[in-house]
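Student: For the record, the sequence lines run as chains G and H. Using the numbering used here, the first residue of the first sequence is number 1, and each one after it goes up by one. Using the numbering used here, the first residue of the second sequence is number 1001, and each one after it goes up by one.
Note that these hints are calculated values from the structure, not bench results. Check before you lean on any hint, since a few could be wrong.
Over the 12 Å line for every Cβ pair with chain G, so calculated as not near, a few chain H residues [to be verified]:
{"hint": "1", "residue": "Ala-1006"}
{"hint": "2", "residue": "Cys-1012"}
{"hint": "3", "residue": "Lys-1027"}
{"hint": "4", "residue": "Gly-1029"}
{"hint": "5", "residue": "Tyr-1038"}
{"hint": "6", "residue": "Lys-1042"}
{"hint": "7", "residue": "Ile-1062"}
{"hint": "8", "residue": "Glu-1063"}
{"hint": "9", "residue": "Pro-1066"}
{"hint": "10", "residue": "Glu-1068"}
{"hint": "11", "residue": "His-1133"}
{"hint": "12", "residue": "Ala-1264"}
{"hint": "13", "residue": "Glu-1296"}
{"hint": "14", "residue": "Thr-1329"}
{"hint": "15", "residue": "Asp-1334"}
Taking lysine-lysine pairs in the DSS-like style, the calculated list, with each CA pair at most 25 Å apart, reads [said to hold, decoys possible]:
{"hint": "16", "chain 1": "G", "residue 1": "Lys-398", "chain 2": "G", "residue 2": "Lys-346"}
{"hint": "17", "chain 1": "G", "residue 1": "Lys-42", "chain 2": "H", "residue 2": "Lys-1054"}
{"hint": "18", "chain 1": "G", "residue 1": "Lys-205", "chain 2": "G", "residue 2": "Lys-136"}
{"hint": "19", "chain 1": "H", "residue 1": "Lys-1161", "chain 2": "G", "residue 2": "Lys-93"}
The beta-carbon is built from N, C-alpha and C at its ideal position, and this holds for glycine as well.
Protein chains: 2
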Amino acid sequence: MRNVKAAVCVKCGAEFDAGHDTYTCAKCGGVLEIVYDYEYIKSRLTKEILTSSKDFSIWRYIELLPIEEGARLSPLRGELRCMLRAGWSPLYKTEALGEAMGLKNLHVKDDGLNPTSSLKDRASAIAAVRALHAGKDTVACSSTGNAASSLAGAAAAMGLKSVIFVPERAPIGKVTQLLMFGATVISVKGNYEQTFRLSAAAIEKYGWYNRNAAVNPYLSEGKKTVSFEIAEQLGFNSPDYVALSVGDGCTIAGVWKGFKDLYAVGLIDKLPRLISVQAEGCCPVNRAIENNSPIEWMDENTLADSIAVGAPRNGDKALAAIDESNGITVNVSDEEILAAMRLLGKTSGVFAEPAGAAGTAGLIKAAKQKRIPEDALVVSLVTGNGLKDIASAQLATKLPAPKAAGIGAANAAGFSSRLIHIEPDMDLLNPLLLHPQYP
Amino acid sequence: MRNVKAAVCVKCGAEFDAGHDTYTCAKCGGVLEIVYDYEYIKSRLTKEILTSSKDFSIWRYIELLPIEEGARLSPLRGELRCMLRAGWSPLYKTEALGEAMGLKNLHVKDDGLNPTSSLKDRASAIAAVRALHAGKDTVACSSTGNAASSLAGAAAAMGLKSVIFVPERAPIGKVTQLLMFGATVISVKGNYEQTFRLSAAAIEKYGWYNRNAAVNPYLSEGKKTVSFEIAEQLGFNSPDYVALSVGDGCTIAGVWKGFKDLYAVGLIDKLPRLISVQAEGCCPVNRAIENNSPIEWMDENTLADSIAVGAPRNGDKALAAIDESNGITVNVSDEEILAAMRLLGKTSGVFAEPAGAAGTAGLIKAAKQKRIPEDALVVSLVTGNGLKDIASAQLATKLPAPKAAGIGAANAAGFSSRLIHIEPDMDLLNPLLLHPQYP
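Bound-form chain G, shown alone (with noise of 0.2 Å):
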């Protein structure tokens, strides 16, 4: 890969190739990061170029991409291979939402769109291409569920096999949608911490391709694109602010690589500050930023599933990338995180899982707190579809048992909730169905 330089240690920079069999660091154990060739790059990657691509997944970014010339061709024909579109989600300028939180410039980057319905896509992406051009035919990870489906969606598009190891917590919705995939699933009875250690061993032994972000220092890489894509769709500009949930530490790790890749090949003049949000349940990155200590083991004692991680295995690139941002930490509770799909939905038709409503509750917080100036540029980045997880999403909106309410019951109950059961002859003319609260 003429573009990528080499991987390097962060924690002790060792300096390795970056091959099929480079994952963390041969000296120290350290988690790796990819280094490029920005001189090299940026002549092959301009506004001018990107702005005439016709290509709108991550791979308009390809030569920001640790993927070697060719690997996306089938060999056989030298086509194109099958895979799904990862990327170019929308981003929407939410003038309602932002007015509830007293911001005038807010923007929504929805990657619940995804083909999976999330922003893991843009990682399973480049870790299924890199298996493929490596000779593997089985790829595996641990997930709290995204991760998972993702990969699992990826292989099955291209013809990898998928053994995916999951805590027995992950939502029925995320483990049915990778089944539906092909994919063999190991539930595991444990937390997330162990589940990680079991997928490492069973990878490890059997040698396939390895996609824990934990490990795999390429997925990262896949996530950065989301960078990409807010600066191109604010016009090759970079917020002020951009608030996310954080879990594992891999996707604030990756957002943060996106906009220094960016901003070293000349197409961003400035970068964001990072706003960290985790569930109070479950905050050791923001806990150890909050106290400058290392990063400790917490329960996981929050519903946003996909951020329950008590031990973040990429905790290292994560307060990084909070403390060279500048970045802000805000933890939120399981209420604030309901509030905040709440309004999502209601002021900007965003329909997001707990996990991929937290940044968003997140800024609720900060701006609340005026810690955000009221006309900065500020992109709140929704991580997962919530569809994913309609248990939540029930809670969310208090809806009532099916059949256990009527047009009278409901406005006993002071109709608190916008779910009214009625028969099908009921006479229209009923006042109650009127009443002021509706619609």
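Starting from the known structure of chain G, arrange chain H on it as the hints suggest.
Tutor: This is chain H only, laid out in the frame that chain G set:
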């Protein structure tokens, strides 16, 4: 609208102005079709203009849409209104799926990747823009689910209120989704026909904007954009066949209109044959074609809720589309639909809801019956995301009850499931894990 000539009744031929209050024929009550000035449009919508367009949404085809100039602009500042990005879903060439059914040139159009995860977003975008332009503050419809959530989402993004009538059998995922968008939901204890009649009476009484596809002739105009995209994504070529599921009839009417429009303005040089797929348990449109008789009411016996429409409201348009295209009818069982869902996921990484996969199920059946030449250029249209109906996906994956199985139980059951539950400290060398069937 300079590009629109009139709204013409498909039954009696009467012509009307395509204005705000034009829904059905004022003379005979028939459904209206929007007629364009193709000569005027020809010079404004060329391959060159489209190829250089940077708008990757349904609005790239605005010259062929019934929208006033300026209707999408906010009156206050002349900027584009906040709205969801409907359209430009991916078209995948899926060799593995094609091989499975003996077709050499098969593509899947994944319309489950629209903003609220179904094709209906295309129609609701048109409805919301026209409602705002007509000065309405509330939009309403009856729907088995997807039209509803798409309308609620589009309305939320544009600051409109929405009132949705759903039959009580609508899957909880769909109801929850539209509650998240802030809609007022009226759940009717009856079938789709009763729900529709109730919504019509309420809309009439309260003067809401009517988004019922049976009545509103502008909705199939939104849906037709899927055909524009298919042709453009195939390099301005028409497929030989397009397979899709049929419920109310509005979607197949829109798909056919789209290809006819493109043909009329010279962007394609032939028209496809439509493959109309219905559920065996509810196939009034196909039965009418097969028996050369009028459409008659049928029970609604299928798990594919989005196409369980016993009395299709756009039946006339649907019959005309099938007739004019020299179309093929195929009826499929629920088991065939579930099998198609599994095959789509496993071979292509596309997760479809039952009605979304029904078109593929019909295509599999027609191909097996040798009704489709193996080298034909075929598109299978997936109309909705599988995450919308996890209960059906669970049926398709035959998911065992969580925690009920163990590695031993899985083995004892002959590994009939690909979901394996294990303890976190399980010995990974356990040969059961490496049963020949896994991964």
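Student: Could you run down the list of hints and mark each one as holding or not?
Tutor: Now the hints, each set against the structure:
1. Taking the minimum C-beta to C-beta distance to chain G, about 32 Å, the non-interface status of Ala-1006(H) holds against the 12 Å cut.
2. Non-interface call for Cys-1012(H) relative to chain G: holds, since the shortest CB-CB distance, roughly 30 Å, exceeds 12 Å.
3. No beta-carbon of chain G comes within 12 Å of the beta-carbon of Lys-1027(H); the shortest separation is about 27 Å.
4. Chain G leaves Gly-1029(H) outside its interface by the beta-carbon criterion, the shortest separation being 21 Å against a cut-off of 12 Å.
5. With a minimum CB-CB distance of about 27 Å to chain G, Tyr-1038(H) clears the 12 Å threshold, and the non-interface call stands.
6. Listed as outside the interface, Lys-1042(H) is consistent with that label: its C-beta sits roughly 24 Å from the nearest C-beta of chain G, beyond the 12 Å cut-off.
7. No Cβ of chain G approaches the Cβ of Ile-1062(H) within 12 Å, the least distance being about 18 Å, so the stated non-interface status holds.
8. Here Glu-1063(H) stays apart from chain G, with its beta-carbon at least about 20 Å from theirs, past the 12 Å limit.
9. At roughly 22 Å, the least C-beta separation between Pro-1066(H) and chain G is larger than 12 Å, which holds for a residue marked as non-interface.
10. For Glu-1068(H), the shortest C-beta to C-beta distance to chain G comes to about 22 Å, beyond the 12 Å cut-off, and the non-interface label holds.
11. Under the 12 Å C-beta cut-off, the non-interface status given to His-1133(H) relative to chain G holds; the minimum distance is some 18 Å.
12. For Ala-1264(H), the shortest C-beta to C-beta distance to chain G comes to about 26 Å, beyond the 12 Å cut-off, and the non-interface label holds.
13. Every Cβ of chain G is farther than 12 Å from the Cβ of Glu-1296(H); the closest lies at roughly 21 Å, confirming the non-interface assignment.
14. Every beta carbon of chain G lies more than 12 Å from that of Thr-1329(H), the smallest distance being close to 27 Å; the non-interface claim holds.
15. At roughly 16 Å, the least C-beta separation between Asp-1334(H) and chain G is larger than 12 Å, which holds for a residue marked as non-interface.
16. As the CA atoms of Lys-398(G) and Lys-346(G) are separated by approximately 15 Å, the hinted pair is consistent with the 25 Å bound.
17. Taken as a hint, the Lys-42(G) and Lys-1054(H) pair is honoured in the structure, with Cα atoms around 23 Å apart against an allowance of 25 Å.
18. The straight-line distance between the Cα atoms of Lys-205(G) and Lys-136(G) is roughly 14 Å, inside the 25 Å bound, and the hint therefore holds.
19. Proximity of Lys-1161(H) to Lys-93(G) is assessed by CA-CA distance (about 19 Å); at most 25 Å being required, the pair is judged to hold.
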